[in-house]
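Generate coordinates for the entire structure from the input sequences, incorporating the hints supplied.
Note that the protein sequences, when read in sequence, are chains A and B. The first sequence begins at 7 in the numbering used here and counts up one residue at a time. The second sequence begins at 634 in the numbering used here and counts up one residue at a time.
Calculated directly from the structure, the hints in this document are not laboratory data. It is possible that part of the hints are untrue.
Using 30 angstroms as the maximum straight-line C-alpha spacing, the simulated DSSO-like pairs for lysine-lysine come out as follows [stated by the list, open to error]:
(1) A/Lys62 - B/Lys703
(2) A/Lys103 - B/Lys690
(3) A/Lys47 - B/Lys703
(4) B/Lys688 - A/Lys46
(5) B/Lys651 - A/Lys73
(6) A/Lys46 - B/Lys690
(7) A/Lys62 - B/Lys636
(8) A/Lys73 - B/Lys690
(9) B/Lys688 - A/Lys63
(10) A/Lys46 - B/Lys636
(11) B/Lys686 - A/Lys103
(12) A/Lys47 - A/Lys9
(13) A/Lys46 - B/Lys651
Pair ranges (Cβ atoms, derived) [claimed, not checked]:
(14) B/Thr731 - A/Glu61: 20 to 28 angstroms
(15) B/Leu745 - A/Lys73: 44 to 52 angstroms
(16) B/Glu689 - A/Gln86: 39 to 47 angstroms
(17) B/Lys651 - A/Thr24: 46 to 54 angstroms
(18) A/Leu76 - B/Arg647: 41 to 49 angstroms
(19) B/Ser700 - A/Gln99: 19 to 27 angstroms
(20) A/Glu61 - B/Leu745: 43 to 51 angstroms
(21) B/Ile710 - A/Thr56: 29 to 37 angstroms
(22) B/Val685 - A/Thr87: 41 to 49 angstroms
(23) B/Thr638 - A/Thr87: 44 to 52 angstroms
(24) B/Met721 - A/Asn35: 22 to 30 angstroms
(25) A/Gly88 - B/Lys686: 37 to 45 angstroms
(26) B/Glu695 - A/Asn35: 22 to 30 angstroms
Note that the Cβ used here is the ideal one computed from N, Cα and C, for glycine as well.
Single-letter residue listing:
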Amino acid sequence: EDKVVQSPLSLVVHEGDTVTLNCSYEVTNFRSLLWYKQEKKAPTFLFMLTSSGIEKKSGRLSSILDKKELFSILNITATQTGDSAIYLCALIQGAQKLVFGQGTRLTINP
Amino acid sequence: DVKVTQSSRYLVKRTGEKVFLECVQDMDHENMFWYRQDPGLGLRLIYFSYDVKMKEKGDIPEGYSVSREKKERFSLILESASTNQTSMYLCASTTDSTDTQYFGPGTRLTVL
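Below, the structure is given as structure tokens:
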């Protein structure tokens, strides 16, 4: 069965720390891996990764995909309280069908 | 900007009631999806639709049905609500040319 596993499930750090969130998968066939940030309501799109080894960056956030070792990481540097959220990883199979991980709940304490 | 709206943010229903959750998108997207989100389980796909009047089962369709009579609207129906259907329900849409799904704000459904 296709599976996406995120770790840790929950993480609490202090403002200014750097965090690394993991997403590993056992999916035989997928087109892209997506990262979302979910605060109180709808998930908002962060990154789409299609090729292995190419880092994507947006401000303090960056992400990379390793298709050989079957994982992706999401890095957040100099964390702020506004980074507190659930971070979701998902793989796209077939025609836009997503398989999601359980999510990582990140809490940034001031 | 893509806008996906859901009919209710919070809903409380009784066991056995028929429940309708509505989702509307304004960007002429072909594909629409219904997920439920539960702690520790992430988002799970209930049903999706690639076109008007077309529907496909997702991973957990039992106890649910859907309707897509118009392109912009995708409805999720709980024929006879049960307490284990208490959850956050998220609708999403996407077009064929992109992999990014746009989500609605969610409906938190409580079944008593």
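These are the hints, each one checked on the structure:
1. About 37 angstroms separates the Cα atoms of lysine 62 of chain A and lysine 703 of chain B, which puts this hinted pair outside 30 angstroms; it is violated.
2. The suggested pairing of lysine 103 of chain A with lysine 690 of chain B holds, with an alpha-carbon distance near 11 angstroms, which does not exceed 30 angstroms.
3. Between the alpha carbons of lysine 47 of chain A and lysine 703 of chain B the distance comes to roughly 25 angstroms, so the proposed pair stays at or under 30 angstroms and holds.
4. With a CA separation close to 29 angstroms, the supplied pair lysine 688 of chain B and lysine 46 of chain A stays within the 30 angstroms bound.
5. Simply put, lysine 651 of chain B and lysine 73 of chain A have alpha-carbon atoms about 44 angstroms apart, too far for the 30 angstroms limit, and the pair is violated.
6. Taking the CA atoms of lysine 46 of chain A and lysine 690 of chain B, the gap is near 27 angstroms; set against the 30 angstroms cutoff, the hint holds.
7. Between the alpha carbons of lysine 62 of chain A and lysine 636 of chain B the distance comes to roughly 26 angstroms, so the proposed pair stays at or under 30 angstroms and holds.
8. For the hint pairing lysine 73 of chain A with lysine 690 of chain B, the CA-to-CA distance comes to about 29 angstroms; that is within 30 angstroms, so the pair holds.
9. Between the alpha carbons of lysine 688 of chain B and lysine 63 of chain A the distance comes to roughly 36 angstroms, so the proposed pair goes past 30 angstroms and is violated.
10. Distance check on the hinted pair: lysine 46 of chain A and lysine 636 of chain B sit about 17 angstroms apart at the alpha-carbon level, within 30 angstroms; holds.
11. With a CA separation close to 18 angstroms, the supplied pair lysine 686 of chain B and lysine 103 of chain A stays within the 30 angstroms bound.
12. Using a Cα cut-off of 30 angstroms, the hinted pair lysine 47 of chain A and lysine 9 of chain A holds, with the two alpha carbons roughly 24 angstroms apart.
13. A threshold of 30 angstroms between alpha carbons decides the hint, and for lysine 46 of chain A with lysine 651 of chain B the separation of about 27 angstroms falls inside it, so the pair holds.
14. One distance hint, 20 to 28 angstroms for the beta-carbon pair threonine 731 of chain B and glutamate 61 of chain A, holds here, with the actual separation near 21 angstroms.
15. Under the hint 44 to 52 angstroms, the C-beta atoms of leucine 745 of chain B and lysine 73 of chain A, about 46 angstroms apart, fit the expected range.
16. Range check, glutamate 689 of chain B to glutamine 86 of chain A: about 40 angstroms between beta-carbon atoms, so the 39 to 47 angstroms window is met.
17. For lysine 651 of chain B and threonine 24 of chain A, the hinted distance range of 46 to 54 angstroms is satisfied, since their beta carbons lie about 49 angstroms from each other.
18. Checking the proposed 41 to 49 angstroms range against leucine 76 of chain A and arginine 647 of chain B shows it holds: the Cβ atoms sit about 45 angstroms from each other.
19. The supplied range of 19 to 27 angstroms is met by serine 700 of chain B and glutamine 99 of chain A, whose beta-carbon atoms lie about 25 angstroms from each other.
20. At roughly 48 angstroms, the beta carbons of glutamate 61 of chain A and leucine 745 of chain B sit within the given window of 43 to 51 angstroms.
21. In this structure the supplied range 29 to 37 angstroms holds for isoleucine 710 of chain B paired with threonine 56 of chain A, their Cβ-Cβ distance being about 36 angstroms.
22. Distance hint for valine 685 of chain B and threonine 87 of chain A: a CB-CB separation of about 44 angstroms, consistent with the stated range 41 to 49 angstroms.
23. For the hinted restraint 44 to 52 angstroms between threonine 638 of chain B and threonine 87 of chain A, the CB-CB distance of approximately 29 angstroms leaves it violated.
24. Range check, methionine 721 of chain B to asparagine 35 of chain A: about 29 angstroms between beta-carbon atoms, so the 22 to 30 angstroms window is met.
25. The given range of 37 to 45 angstroms is respected by glycine 88 of chain A and lysine 686 of chain B, whose C-beta atoms sit roughly 42 angstroms from each other.
26. The hinted window of 22 to 30 angstroms between glutamate 695 of chain B and asparagine 35 of chain A holds, with their beta carbons roughly 25 angstroms apart.
In this structure, the hints that do not hold are numbers 1, 5, 9, 23, in rising order.
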